[in-house]
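What follows is each chain in one-letter form.
Number of protein chains: 2
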Amino acid sequence: MTEFISREVRLKARPTGMPVENNFEVAEVTLDPPREGQVLVRNHYMSVDPYMRGRMYDRKSYAPPFQVGRVLDGGAVGEIVESNSDALPVGSFVQSGQGWREAFVSDVDTLVQVDPQLAPLSSYLGVLGMPGMTAYVGLFNAAEMKEGETVFVSGAAGAVGSLAGQIARIKGCRVLGSAGSDDKVAHLVDDLGFDYAFNYKEGNLLQRLQEGAPDGLDIYFDNVGADHLEAAIFHMRPFGRLALCGAIATYNDTEPRPGPINLSMAIGLGLRLQGFVVSHYNHARDDFIRDVSGWIKEGQVKYDETILAGIDQAPAAFAGLFTGANTGKMLVKLV
Amino acid sequence: MTEFISREVRLKARPTGMPVENNFEVAEVTLDPPREGQVLVRNHYMSVDPYMRGRMYDRKSYAPPFQVGRVLDGGAVGEIVESNSDALPVGSFVQSGQGWREAFVSDVDTLVQVDPQLAPLSSYLGVLGMPGMTAYVGLFNAAEMKEGETVFVSGAAGAVGSLAGQIARIKGCRVLGSAGSDDKVAHLVDDLGFDYAFNYKEGNLLQRLQEGAPDGLDIYFDNVGADHLEAAIFHMRPFGRLALCGAIATYNDTEPRPGPINLSMAIGLGLRLQGFVVSHYNHARDDFIRDVSGWIKEGQVKYDETILAGIDQAPAAFAGLFTGANTGKMLVKLV
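Top to bottom, those sequences are chains A and B.
First residue of the first sequence? That's 1 in my numbering, and the numbers climb one at a time after it.
First residue of the second sequence? That's 1 in my numbering, and the numbers climb one at a time after it.
Hints are not guaranteed to be accurate.
Copies of the same chain look alike in the list, so a pair counts if it fits in one copy or across any two.
Listed next, the in silico DSBU-like pairs over lysine-lysine satisfying Cα-Cα at most 30 Å (straight line) [claimed, not checked]:
hint, residue 1, residue 2
1, K171, K12
2, K201, K12
3, K201, K60
4, K60, K146
Since the hints were made in silico from the structure, they are not lab data.
As the structure is a prediction and not an experimental result, all values here were calculated from the model.
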């Protein structure tokens, strides 16, 4: 067995506001050979996700904060290139959560085998992975979506939003989406079957919602927070449900941002705001895989990927999440 | 049949900020005798409720706004003193929602007969009426309270909060309450069986919650909004539920008030914020009456009333809701 050199992305300094290249450093490490029960994984794709911004703050949350000087945790898919375990022979493919590394040595029990014959390897990080399942459980579990409802998805061109909108459409709902460019808006309507989409950078959010859903919203799938959440509350129908999934507009705030001025409208309207992260609904995983993989096969669900090549691009890919650089899932390709 | 003179409270001008005497006027009217199928009701008690403040704004909400120059709608209980209907003979007692009047003529189908032998007449406006049922459905339906949970009730000395806290205690929960004076705090602990209560005007809300519930809150029953809601969110346990019932701290705001800075904590913690008004859960009425009247008989539930005498006192009684003048249900006694 030869020495194996890998590179990895470390948190160099906690970002203040928008993350910049200098918050990260790419370091070279020499991997030990896998011991008994271990394997060496060479990652093909790394997942770049908005939620990681939250872990760059030094504060308690549902996931522990990243440590300065340490590799950033994150999802990846890769191939076993050395194996000291019968469970995962060389040539197997696995999904992992051990960070932004080109390669790593791991016990096999933290790895989940995936089949690149069933679906493209990258899709296990997106439409069939954490973001896809987030869309699925957000609609069915957090928002308790019913057929025929009117659903607004913010950040609708992202990995989560684009699937959420398509699932709602498949389930017979009227679907509105917001995105940050005219091209994305056209894509939502022309390619993904949204009933109405708009560029949130132009015009008044509430007016756009009124145009797209004159009778109001039954469900708001919130990926953005801030002004999007406030406008949605103003336009909810009685007993509407808001699935609080993310608040990307606020992730780089340097001061706490006040909440919506109209939260008390929830009282009279009987609104329900349900916060969630995907792991709260792990019991729905089988349903999610069955339904979404079926819809992909039938051509009912399309998914986009924005792929940057090389681990050096990881910081730029991450920063790009907050400037709208991605359509669909943001990935870094390593092999 | 003789002429019947009644007085009634009208909205003279919409309040700006805190309501003042001059926003109201007491006017004398002469009632027509009841026609076929009608009765003349002399009210014994009028209900004075915080939600009425919302109806003094000229805006769409779950109840239509009060009209300037017109009588204020509101709950009352009274006695039939003239009857032109077999359904409600003279001497019957009825609950109504026709406003702050000493007496009125009405079709019988808008009136609900009540029995002063079963419970004191005034209790139909409080612990066995709308505020009582609000407490009941807020815990069981909106917050889905379970035995053994930790429950924080704000405005806990009010008509809704004082019952909510006692129900939670009866159901084996640990109960915290906030109130606006040391006397009320002592009353909550000594007389109503709260496990911990504090004066929200003294010290730091979050610190008090940490003292009273070191392991966090499962349920927050919000009657106050504003800083109370924010502090509660900071202290919620994973999968906590917040029943948004009222926001009395904000009812007299002249400018929209920003929401809590920490609403996005709902995401990672899986918090549910459920807005409600009592009418959303009308199906629970029979359970409510059975349970609460049973608890009163068993001595498990106590209730307070703050009673002002004479219709001229109605504006002062109403303003007093916002300055903490009441313990328990605020009423105006007319007979």
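How the hints compare with the structure:
no. : hint       : verdict
1   : K171 - K12 : neither (45 Å within a copy, 51 Å between copies)
2   : K201 - K12 : neither (32 Å within a copy, 44 Å between copies)
3   : K201 - K60 : between (32 Å within a copy, 29 Å between copies)
4   : K60 - K146 : between (35 Å within a copy, 27 Å between copies)
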